[in-house]
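Please work from the sequences and hints to get the whole structure.
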Amino acid sequence: MARAMGLRRRIGFTFLAWGIGLIVFFPIFWMLLTSFKTEGDAIASPPLLFYAATIENYLEVLARSNYFKHFMNSVIIAGGSTILALIVAIPAAWSMAFSPTKQTKNILMWMLSTKMLPPVGVLVPIYLLFLQWGLLDTKFGLTIILMLINLPIVIWMLYTYFKEIPGEILEASRMDGAVLWKEIIYVLLPMAVPGIASTMLLNVILAWNEAFWTLNLTAANAAPLTAFIAAFSSPEGLFWAKLSAASTMAIAPILILGWFSQRQLVRGLTFGAVK
Amino acid sequence: MGSIRLESVRKVFGDAEVIPGVDLKINDGEFIVFVGPSGCGKSTLLRLIAGLEDLTGGKVLIDDKDVTGNAPAKRRLAMVFQSYALYPHMSVFNNIAFPLKMAEMEKTAIDKKVRDAADTLNLTDYLHRKPGQLSGGQRQRVAIGRAIVREPVAFLFDEPLSNLDAALRVNMRHEISQLHHQLNTTMIYVTHDQVEAMTLADRIVVLNEGRVEQFGSPLQLYQKPSNRFVAGFIGSPMMNFIEGPTAAEHDAHTIGVRPEHIIVSKKKGTWSGVVTIAEHLGADTFLRVECGAIGTITARASGEFTVGYGDTVFLTPDSKKTYRFDKNGRTIGHRPQQADTTGNQKTP
Chain R
10 MARAMGLRRR IGFTFLAWGI GLIVFFPIFW MLLTSFKTEG DAIASPPLLF YAATIENYLE
70 VLARSNYFKH FMNSVIIAGG STILALIVAI PAAWSMAFSP TKQTKNILMW MLSTKMLPPV
130 GVLVPIYLLF LQWGLLDTKF GLTIILMLIN LPIVIWMLYT YFKEIPGEIL EASRMDGAVL
190 WKEIIYVLLP MAVPGIASTM LLNVILAWNE AFWTLNLTAA NAAPLTAFIA AFSSPEGLFW
250 AKLSAASTMA IAPILILGWF SQRQLVRGLT FGAVK
Chain U
34 MGSIRLESVR KVFGDAEVIP GVDLKINDGE FIVFVGPSGC GKSTLLRLIA GLEDLTGGKV
94 LIDDKDVTGN APAKRRLAMV FQSYALYPHM SVFNNIAFPL KMAEMEKTAI DKKVRDAADT
154 LNLTDYLHRK PGQLSGGQRQ RVAIGRAIVR EPVAFLFDEP LSNLDAALRV NMRHEISQLH
214 HQLNTTMIYV THDQVEAMTL ADRIVVLNEG RVEQFGSPLQ LYQKPSNRFV AGFIGSPMMN
274 FIEGPTAAEH DAHTIGVRPE HIIVSKKKGT WSGVVTIAEH LGADTFLRVE CGAIGTITAR
334 ASGEFTVGYG DTVFLTPDSK KTYRFDKNGR TIGHRPQQAD TTGNQKTP
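Read top to bottom, the protein sequences are chains R and U. FYI, the numbering for the first sequence is 10 to 284, going by our numbering. FYI, the numbering for the second sequence is 34 to 381, going by our numbering.
No lab work stands behind these hints: they were computed from the structure. Positions of the beta carbon are idealized from the N, C-alpha and C atoms, including for glycine. It is possible that part of the hints are untrue.
Unchecked claim - The following label-pair restraints were derived from C-beta to C-beta distances:
id	chain 1	residue 1	chain 2	residue 2	range
1	U	ASP48	R	LEU140	47 to 57 Å
2	U	ARG162	R	VAL84	53 to 63 Å
3	R	GLY176	U	ASP48	18 to 28 Å
4	U	GLY102	R	PRO109	16 to 26 Å
5	R	GLY15	U	VAL307	31 to 41 Å
6	R	LEU189	U	ASP97	27 to 37 Å
Here is the structure:
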């Protein structure tokens, strides 16, 4: 009886999980489907599920804009901000995890609270600062701003990982003659590699998908793929098929990266919660 | 050389004074054990010597040089941790070689030193394994190997055997004792296990609430405890303490008598009582006896003593080996007049 109940529950949960999964995935599936339609098919009502596929949209999107330039901008901005964030966050997380003071918890909460601030609230001051410093529409400026907005999460994640590393091992390295930077490079970092890898991955994804600052602080030069999508959304009315093709091209790299590293990501995001 | 001197060493964590002020002089080559109940400050004291904690006050001197402000690595000490603290991502070879690499020693010299240490500790076959692939005893040996390659002036052991099972613990205890005779280097060993303390130490420091209760050879502590705390802590099973009229007869607030200093009889004796627990170990019989107003007394009878739960027995304490304590727990005089000034303090 208990077995039958268990089985029924399992079937129920399986259906529920698949159902939620499909609902979440549906927009991406629909976008992929639309990207291979002609503009006419794309706006047909009722929507077409079977149609003659075409790659015309992709060719036109590639012809009309410089995809590779935007792609490279995204790589540089997402990659650069991640590396920069790690350089700042590793020492910060080290000091908070292994040499905490009374204020450590408060500092962590304060950092996290900055993520609750609506970005639009600081758009004008930041825009003016960027204008004054000549950082508007530069990859450098965007790298800095994306590093800063993701820094709290990076520090939090690394802090959680570092907390799991026994302090005695670091003390042993100190007894063995390691100075601080050797302790971090030879002992702490190799032990934290899985944590650092998933932090990097998450930060790359967050930075890649970031649309508010990238749209507001760039024009042509430094525009990453988010701006590339946006460029297809308005000027000549809505061309659904081309917009879908552009979006697919923009999210494909990160989707592939996410797919191959999902184990690492799941581990990273549940670390500390599930032991 | 490896003499260590502590002068008025103080440590405060927040509002809690963990070490109120300790003075200690450890001679070169001595095996010193810090022993005490958990939370008595023994590990903190060791970490202060190691430099892993900053002193609130006082001085640490190694070979008469003040090292109070020095980083751990600059003190030429090696430490073996309770959790072994091996580097999990490095092979056994690299774990042992780590301190030498940090000292930027030449590669061939490192290789030789690591192999020599591995040889001493029977680790040669495991040099390429990671710590995760070793048993507890082997891990402990790697931790010791990592300590000995540095040729430190003193070794610090922080409860190194407490993660091992009972049989292995005895083995490792013998190995550490042998190592001390081989190397003849100062060793400071922290434990809460008084058997480890008694068997390993040249001299024992008994700590309680951050204070040194007594510092002396194992037999000195056993035979001439300076107070009730030391008397109760050293010796197993614990000394019996009796207060009230029985103690008053001896002009004391409390009297203490060790289980092995009580004669057990089925026929006659000073105190009579009912057996509540009888432990027959073959070599010894331990009895818990409920003696009415006197309280519960633990007694040891040599060999097999056939009594069981509920039987009446008679106990006679050896009056020459009865300790007297005043109201503050301090020992009054030293009733047991054994010669303990010679022979019991193993000088290095």
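Cross-check of the supplied hints:
1. The hinted window of 47 to 57 Å between ASP48/U and LEU140/R holds, with their beta carbons roughly 52 Å apart.
2. The hint said 53 to 63 Å for the Cβ distance between ARG162/U and VAL84/R, and at roughly 41 Å that hint is violated.
3. Evaluation of the 18 to 28 Å hint for GLY176/R and ASP48/U yields a pass: the beta carbon distance comes to about 22 Å.
4. Between GLY102/U and PRO109/R the C-beta distance comes to about 23 Å, which sits within the given range of 16 to 26 Å.
5. Between GLY15/R and VAL307/U the Cβ separation comes to about 55 Å, which falls outside the hinted range of 31 to 41 Å.
6. Separated by about 29 Å at the C-beta atoms, LEU189/R and ASP97/U satisfy the suggested range of 27 to 37 Å.
The structure does not agree with the numbered hints 2, 5 stated previously, though it agrees with the rest.
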